[in-house]
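Enquirer: Residue numbers (my numbering), protein chains in the order written: chain A, 1 to 94; chain B, 1 to 190.
Hints should not be assumed to be uniformly reliable.
Here are the simulated lysine-lysine pairs, DSS-like style, with alpha carbons at most 27 angstroms apart [to be verified]:
#, chain 1, residue 1, chain 2, residue 2
1, A, Lys82, B, Lys182
2, B, Lys144, B, Lys156
3, A, Lys89, B, Lys182
4, B, Lys42, A, Lys8
5, A, Lys70, A, Lys82
A few chain B residues facing chain A, derived, Cβ under 8 angstroms [stated by the list, open to error]:
#, residue
6, Pro31
7, Arg33
8, Asp41
9, Asn56
10, Leu62
11, Gly65
12, Glu66
13, Asp118
14, Gln151
Worth flagging that the hints you see were computed from the coordinates, not collected in a lab. Each residue gets a CB set at the ideal place from its N, CA and C atoms; glycine is no exception.
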Amino acid sequence: MVMKIIMKNFGDFLSSRPAGKEAYLSAQAYVFPAKNEADVIELDFDGVKVLTPSWADEFVTPLAEQWGDKLHFSHTENLSVKATLEFLKQIPTS
Amino acid sequence: MKESTPQIQKALDWVSMGNGIGFLLSDEHCPTRDVFQARADKLVIECANNLSIGENASLLGLVVGEIGNNTFDHNLGNWRDERGAYFVYDAEQRIVVIADRGQGVLTTLRQARSSIADDCEALTVAFTETLSGRAPERRGNGLKLVAKVVQEQQWKLEYHSGRGSYIIDGASTCTTKDDELKGMVAILTF
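Model the full structure from these sequences, guided by the hints.
Expert: Printed below as a string of structure tokens:
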């Protein structure tokens, strides 16, 4: 089962580290599925106007560490979303 | 340095003066991150509606967001006097100016790497390496992507801090000046 997460629900402008961290902590409590509740988790960026590496590093990076290749992305056409996700892929995770 | 405009001159005057309190107008001053973010969002909306900028407005939001948020990430509770950032833009002239009266890049990065020799080395590290003054927090990537976007879009970024002036204009260079600028001034032309 694919669990889709609508990123626009966290805001149109996903920009600062504190905001990214708060979004992650909130989603961890109320949005993210448990590992036995989904096979794949999909982040849908439809409608997001700006994504920065700082916000994404607080939200996407820990998800990537937990879900690995079972973390998928959709609607990444926005240039800042595309640039940020491609950039994060090049950074070694801890 | 880019030929001075009233926005650039005001930033330089503010960062250089002995006491910066009360110098900025309310629509130039972002005392908190929330105020900065709201104005940065407004910039993106205005530029997205400008046909000649269009979808590149999102990349402008990325660059401005990273630089402006760094001001708050690294100086919170440690301003020289007036807290927050000077942030002005002109969508028609395609210029953004951000400044702060914070610690500056050298002091910030020496928290993580005490061997950094001078402002130019600190600025070069900030734009090319993954290192943050807030180590061991996992940080220090934002300005690398800023540099990449500025180069790819053929924009120009001047980032002045201490005695260093780091300029991305095609190639990246850093020069050392005689005068020290306590804090930082960033000038983006796009």
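Enquirer: To test your reading of the hints: which numbers does this structure violate?
Expert: The structure breaks hints 1, 3, 6, 13, 14; every other hint is satisfied.
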